[in-house]
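Chemist: Spelled out, the chains give:
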Amino acid sequence: MCDRCGCGAHDHGHGHGHAGEHRTLQVERAILAHNNAHAAENRLWLTQRGVVAINLISSPGTGKTRLLEQTLTALSGTIGCAVIAGDQETDRDAQRLRGRGAPVVQIETGSACHLDAVRVGDVLREVVRPDTRLLFIENVGNLVCPAAFDLGETLKIALLSVTEGEDKPLKYPALFLNASAAVITKTDLIPHLEWDREACLAALRTAHPGLRILQLSARTGEGMEAWLEFLKGLAGR
Amino acid sequence: MHELSIAMALVGQAQEALAGRAVAHVDRITVRIGALSGVDPEALSFAFPVAAAGTPVAGAELRIERVDPEVRCQACGRTTQPKWPGTVCAACGSSETTLAEGREMSLVNIEYEEPAAAPEEPGHVR
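Chains X and U, in that order, give the protein sequences.
When we follow this note's numbering, the leftmost residue of the first sequence carries the number 1, and every step to the right adds one.
When we follow this note's numbering, the leftmost residue of the second sequence carries the number 1001, and every step to the right adds one.
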């Protein structure tokens, strides 16, 4: 006899009904189906307006904001740009990016380590203007978490600074595999580091054969021309 | 630690899937997690009870089926498990491959117990 409820059964659960049938419900659905549905809505909305959305993902301190500062200034007046900047706290990035000819909206994610499609969808109508062709989405600085969340972007670009060493693409393959291009930043610092360019390129190609790789310094301008040409190509110019 | 977001999404998915069903208790939730999904299974196991607390799936066991990467080779046509890290075909060494498996992040099934039927009263006519 069951010693908890006094019934004749031996094998039923307690605190939740009594000797009911056990069933298995087959679901086979993406865990992030809700996020993915919003991402699909964002993607459709952006595509209908001819906007190419670039999800920029890297560790904190890789130089995403600095690269965007230079990029917005360089493209001002030629290609309509807009920026969504994600950070856990503060609107410092948005402040740095304003005044360069592009609307900027900051999303403070609070405790969340990544942007999601719902938060991005909430600000799209605010940040995208009729002349916007390139929307930069500066994700929260983190090599792991943002890679899992589709925002509805056209492509993901992974950034990697030379101060982070050569092997990040092997340690965080999910991001580099899902990225359409990788940008190696802060190349002006190479003379001060024991950074092996060939090893870094090999790591990127191992993680993602055929990956488009750009190398630049937003500080000196080295490599910026190729980056801007790449962006113009995306924008169809 | 985006696994807490993933765990919360999982709890939401499970609740949606169970909506309209008579559920006394959820015993087990099975998920499939690819090695390249960006989700750490240990962190997800840690986050799941936190996300489930106070919901109808509280107390359920989380079972994680891990999926290793598999690539389909455009050169030789075979599907192999690549030598990690990398997506090079294990059969012919070509890097012209596409990832066939490894990105999974899905809710597979939910095992639950229905409430017991109310005891029938003697003489009750249905």
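Treat the hints as calculated values from the structure; they're not laboratory data.
Keep in mind that this is a model prediction, so the values were computed, not measured.
Every residue, glycine too, gets a C-beta built ideally from N, C-alpha and C.
Errors might be hidden in some of the hints.
Said to hold, decoys possible - One side of the interface only, derived from the structure: several residues of chain X facing chain U at Cβ under 7 angstroms: (1) LEU25; (2) ARG29; (3) LEU32; (4) TRP45; (5) GLN95; (6) GLY110; (7) LEU170.
Said to hold, decoys possible - Only some residues are given here: those of chain U computed to face chain X with a beta carbon under 8 angstroms: (8) SER1005; (9) ALA1009; (10) LEU1010; (11) GLY1012; (12) GLN1013; (13) GLY1020; (14) PRO1041; (15) SER1106; (16) LEU1107; (17) ILE1110; (18) GLU1114.
Chemist: Please verify that hint: GLU1114(U), Cβ, nearest Cβ of chain X, below 8 angstroms or not.
Modeler: 4 angstroms, holds
Chemist: Have a go at the ILE1110(U) hint: is there a Cβ in chain X nearer than 8 angstroms to its own Cβ?
Modeler: Holds - the Cβ of ILE1110(U) comes within 8 angstroms of chain X, reaching about 5 angstroms at its closest.
Chemist: TRP45(X) was flagged as interface toward chain U. Is the shortest Cβ-Cβ separation under 7 angstroms?
Modeler: With Cβ-Cβ at 22 angstroms, over 7 angstroms, it is violated.
Chemist: Could you check if GLY1012(U) really has its C-beta closer than 8 angstroms to a C-beta on chain X?
Modeler: Holds, because the Cβ-Cβ distance from GLY1012(U) to chain X comes to roughly 7 angstroms (cut-off 8 angstroms).
Chemist: Would the hint on PRO1041(U) stand, with a C-beta cut-off of 8 angstroms toward chain X?
Modeler: Hint violated; PRO1041(U) Cβ to chain X Cβ min 13 angstroms, cut 8 angstroms.
Chemist: Can SER1005(U) be said to touch chain X, with a Cβ gap under 8 angstroms?
Modeler: 6 angstroms, holds
Chemist: Under 8 angstroms, Cβ to Cβ, is where LEU1010(U) needs to be relative to chain X, so tell me if that hint holds or is violated.
Modeler: Holds, because the Cβ-Cβ distance from LEU1010(U) to chain X comes to roughly 5 angstroms (cut-off 8 angstroms).
Chemist: Mind checking the CB of ALA1009(U) against every CB in chain X and telling me if the closest is under 8 angstroms?
Modeler: 5 angstroms, holds
Chemist: Under the criterion of a CB-CB separation shorter than 7 angstroms, is LEU170(X) in contact with chain U as hinted?
Modeler: 5 angstroms, holds
Chemist: Does LEU1107(U) meet its interface restraint, that is, does its C-beta lie within less than 8 angstroms of any C-beta in chain X?
Modeler: 5 angstroms, holds
Chemist: Would the hint on GLN1013(U) be counted as holding, given a Cβ-Cβ threshold of 8 angstroms to chain X?
Modeler: 6 angstroms, holds
Chemist: Less than 8 angstroms between beta-carbons is the criterion; does GLY1020(U) satisfy it with respect to chain X?
Modeler: 11 angstroms, violated
Hint check: violations occur at hints 4, 5, 6, 13 and 14; the rest are consistent with the structure.
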